[in-house]
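Protein chains: 2
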Amino acid sequence: MSSRWLTLIPPDEARRILAETPPVGAERVPLAAATGRVLAHPFMAPDDLPAERRAVMDGYAVRAADVHTASELSLVVLNVVGGVPMGDVFHGRMAAGEAVAIATGGFLPADADAVVMVEHTEALGGSGDGSGGGARIEVSRAVAAGGNVVQPGEDLARGETVLPAGRRLRPADLALLATFGAVEIDVFRRPRVAVLSTGNELCAPEAIPRPGQVRDANQVALAAQVAACGCQVTAAGIVRDDAEALRAKVTSLLPGHDAVILSGGSSIGTKDLSAEALGDLPPPGILFHGIDIRPGKPTLFARAGGKPVLGMPGFPTSSLVVFDAFIRPLLWRLSGEGARDPWPARRAARLGAAHRSVVGREDYLRVALEERDGALWADPLRGGSATLSNVVRADGLVCVPAAVDHLDAGAAVEVLLYT
Amino acid sequence: MSSRWLTLIPPDEARRILAETPPVGAERVPLAAATGRVLAHPFMAPDDLPAERRAVMDGYAVRAADVHTASELSLVVLNVVGGVPMGDVFHGRMAAGEAVAIATGGFLPADADAVVMVEHTEALGGSGDGSGGGARIEVSRAVAAGGNVVQPGEDLARGETVLPAGRRLRPADLALLATFGAVEIDVFRRPRVAVLSTGNELCAPEAIPRPGQVRDANQVALAAQVAACGCQVTAAGIVRDDAEALRAKVTSLLPGHDAVILSGGSSIGTKDLSAEALGDLPPPGILFHGIDIRPGKPTLFARAGGKPVLGMPGFPTSSLVVFDAFIRPLLWRLSGEGARDPWPARRAARLGAAHRSVVGREDYLRVALEERDGALWADPLRGGSATLSNVVRADGLVCVPAAVDHLDAGAAVEVLLYT
Numbered sequence: 001m002s003s004r005w006l007t008l009i010p011p012d013e014a015r016r017i018l019a020e021t022p023p024v025g026a027e028r029v030p031l032a033a034a035t036g037r038v039l040a041h042p043f044m045a046p047d048d049l050p051a052e053r054r055a056v057m058d059g060y061a062v063r064a065a066d067v068h069t070a071s072e073l074s075l076v077v078l079n080v081v082g083g084v085p086m087g088d089v090f091h092g093r094m095a096a097g098e099a100v101a102i103a104t105g106g107f108l109p110a111d112a113d114a115v116v117m118v119e120h121t122e123a124l125g126g127s128g129d130g131s132g133g134g135a136r137i138e139v140s141r142a143v144a145a146g147g148n149v150v151q152p153g154e155d156l157a158r159g160e161t162v163l164p165a166g167r168r169l170r171p172a173d174l175a176l177l178a179t180f181g182a183v184e185i186d187v188f189r190r191p192r193v194a195v196l197s198t199g200n201e202l203c204a205p206e207a208i209p210r211p212g213q214v215r216d217a218n219q220v221a222l223a224a225q226v227a228a229c230g231c232q233v234t235a236a237g238i239v240r241d242d243a244e245a246l247r248a249k250v251t252s253l254l255p256g257h258d259a260v261i262l263s264g265g266s267s268i269g270t271k272d273l274s275a276e277a278l279g280d281l282p283p284p285g286i287l288f289h290g291i292d293i294r295p296g297k298p299t300l301f302a303r304a305g306g307k308p309v310l311g312m313p314g315f316p317t318s319s320l321v322v323f324d325a326f327i328r329p330l331l332w333r334l335s336g337e338g339a340r341d342p343w344p345a346r347r348a349a350r351l352g353a354a355h356r357s358v359v360g361r362e363d364y365l366r367v368a369l370e371e372r373d374g375a376l377w378a379d380p381l382r383g384g385s386a387t388l389s390n391v392v393r394a395d396g397l398v399c400v401p402a403a404v405d406h407l408d409a410g411a412a413v414e415v416l417l418y419t
Numbered sequence: 420m421s422s423r424w425l426t427l428i429p430p431d432e433a434r435r436i437l438a439e440t441p442p443v444g445a446e447r448v449p450l451a452a453a454t455g456r457v458l459a460h461p462f463m464a465p466d467d468l469p470a471e472r473r474a475v476m477d478g479y480a481v482r483a484a485d486v487h488t489a490s491e492l493s494l495v496v497l498n499v500v501g502g503v504p505m506g507d508v509f510h511g512r513m514a515a516g517e518a519v520a521i522a523t524g525g526f527l528p529a530d531a532d533a534v535v536m537v538e539h540t541e542a543l544g545g546s547g548d549g550s551g552g553g554a555r556i557e558v559s560r561a562v563a564a565g566g567n568v569v570q571p572g573e574d575l576a577r578g579e580t581v582l583p584a585g586r587r588l589r590p591a592d593l594a595l596l597a598t599f600g601a602v603e604i605d606v607f608r609r610p611r612v613a614v615l616s617t618g619n620e621l622c623a624p625e626a627i628p629r630p631g632q633v634r635d636a637n638q639v640a641l642a643a644q645v646a647a648c649g650c651q652v653t654a655a656g657i658v659r660d661d662a663e664a665l666r667a668k669v670t671s672l673l674p675g676h677d678a679v680i681l682s683g684g685s686s687i688g689t690k691d692l693s694a695e696a697l698g699d700l701p702p703p704g705i706l707f708h709g710i711d712i713r714p715g716k717p718t719l720f721a722r723a724g725g726k727p728v729l730g731m732p733g734f735p736t737s738s739l740v741v742f743d744a745f746i747r748p749l750l751w752r753l754s755g756e757g758a759r760d761p762w763p764a765r766r767a768a769r770l771g772a773a774h775r776s777v778v779g780r781e782d783y784l785r786v787a788l789e790e791r792d793g794a795l796w797a798d799p800l801r802g803g804s805a806t807l808s809n810v811v812r813a814d815g816l817v818c819v820p821a822a823v824d825h826l827d828a829g830a831a832v833e834v835l836l837y838t
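Heads up: the sequence lines are chains D and R, in that order. Going by my numbering, the residue at position 52 of the first sequence is 52; the numbering climbs one at a time, nothing skipped. When you read off a place in the second sequence, starting at 1, and then add 419, the result is the number in my numbering.
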């Protein structure tokens, strides 16, 4: 029966093949809907930021030369000739010895070159409300030209590239785009991904299983994982173990989707039909069937006319781990994202129990973190890939690289955190 | 003018006050809509998982006693009397010397106690398709009782608490809930949060600013940050600098929302109206106005009849950083989540330039990461809180704790990563 075995490829080779996925096309969306979307073109500052000189403190716009001798022991008195209204500019002139009240963000009057902070002034008379109106102020500290003022282009100069293509937009990016009035943005479409399950033993989660049946746990989890990548998900139901039915279903889903993910049916066994069903898809077809990893060995990857078609392992734990380790990066590529750390949240820990692997195989241990004896321990959770509770209870994964055949208890490891 | 200054409270005190936020109420949602939602009650396994003995390998169900002498040199021959159909059980009996074909996930026949892996067998005759049908097999390896079988309750025992209340549901959790047929889940409501901006200088992002005006950058960013916390956002527009108008707007938003966030207007200056407008809200009213942090000092926090009302600093960078450091954890609490690491993604680095702070103040430096000379460096980005590009270009933040008054260039720091 050895001919029926999977041909395992090294995990790095699988990653290389999966990374060759080109992105979907672009579309234009309103700014308010752009968070988490991936920028299709670089964004260059269309203007200087700020465009005008603006106060960065509440106080008084002055000529720095007028107050260069000011100190607590040598107060300088200035006449307040008005105020900069927020949302407008100061329309008057400001002569030597004069000041204009200004609030943070206010546009600097043309004749001023600095702002004295309000707490370095004392009002001497007039309305005393800081709005000007015949008041005088004592200034108790000098300020240099440009002091407490942001200059045009100091934040960003016109033409600077601020956001590269392929960037997933963060809230700060939206602030920047809003500042420049970029209220419509070209982003990559959200990939449309269909998820379906195969297996005669499966019933829907809402059904009461008959003897021999189990509820389909993978599809709802896969749909959640796909959605968390920013894709649009079609939950395409359960297909019976029939190669022709499966091929027909996948063929019907491909035109309306950018990728199709099959759950189950990718192991080699009497019920293995994915490989058979996917063997006839448009070229290039099946690119690998089997990755040298644990859990998740029987993962299948095909391209049908350029669209990824994935066969996920049937055990829920295997499916969950393979998705995080291999499929999420693929969907990021499909979404137009540039290179990105697949595991930004990591924590250094010591392995709580020895682990045996084999050279060439990459293992993903489900671990729980616990502080003990002044150290952080990553304790492997009991149970193999047929056990669902271990991935539910895990704080993260420890990846045992292909070159490593064992880790001692207490070994220094990096935990890839679930966040 | 010292009386007009903010009363700064220590950042730990602000965190303590913000953490006292009680959660919103619960609602029932379909399982497929529960990802990212927060569980309202603990979930206990309603049954053993698995409920029945199941095969974890493709092969043959056997009596272990029949094959305990099997080896490559001493093959044991068994009669295959049938197969376990996927989605059904084996309805026959299996006597000594007999085997039943079984696939991964199949329910073990009542008379079997182990599974021999298919690759430790050789078919001798009959249909040869593994379905039984008068075939015989040679078994070349012994298997212990229970071998390649998962026992009832081995994954989870009935009554075990698997998911605590306050847990934000992950895809793996959905798989577990689906397995048990929990197709409707009680989760906390998604908090409804209104975001509005104050400031006469502000115009909408789609408008052409008149002289003295700038586009409102904060609201779209705050809305994105709030949405990323799992809340429902109302973008409530721009209110002019008028305490009465602001009070009226907040008062009109409170009945339909669980929290209100004001952008701008929280600094002490001629335009400061938030404190005045919020001073008359239902008790307890303003709990603090000013945190000893940089950026973000003039942050204001009130409770109006138990609902959080926040005054965010007006500079976009300050607003973005304060949200991540202080407001996101508050919204998690409001969402029903238990204690959670606010910065799961961290990276150890060396600080690229010296930084001066003052004891008592907590600083958040915007830093870019770069590998140099075999080390990872966190380079502070130029520009203060009036600079937006630094937070856009940052890979993350370095928090300089209140007890630290300076960091040397090259100091070991932990970068709180944007992900």
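Don't read these hints as lab results, they were simulated from the structure. Among these hints, one or two may not hold up.
Taking beta-carbon pairs under 7 Å as the criterion, some of the chain R residues facing chain D (in silico) [as the list claims (entries may be wrong)]:
1) G631
2) A643
3) T806
Since the model is a prediction, treat every value here as computed from it, not as a measurement. For glycine and all other residues, C-beta sits at the position ideal for the given N, C-alpha and C.
Should the hint that R/G631 touches chain D count as held when the rule is a Cβ pair under 7 Å?
It holds, given that the least Cβ distance between R/G631 and chain D is near 4 Å, below 7 Å.
Can we keep the R/A643 interface hint, with Cβ of chain D closer than 7 Å?
Where the cut-off is 7 Å and the nearest Cβ of chain D is about 4 Å from R/A643, the hint holds.
Just to be careful: measuring from the Cβ of R/T806 to every Cβ in chain D, is the smallest value less than 7 Å?
For R/T806, the interface hint holds, since the closest Cβ of chain D sits about 5 Å away, which is under 7 Å.
Checked against the numbered hints given earlier, this structure breaks none of them.
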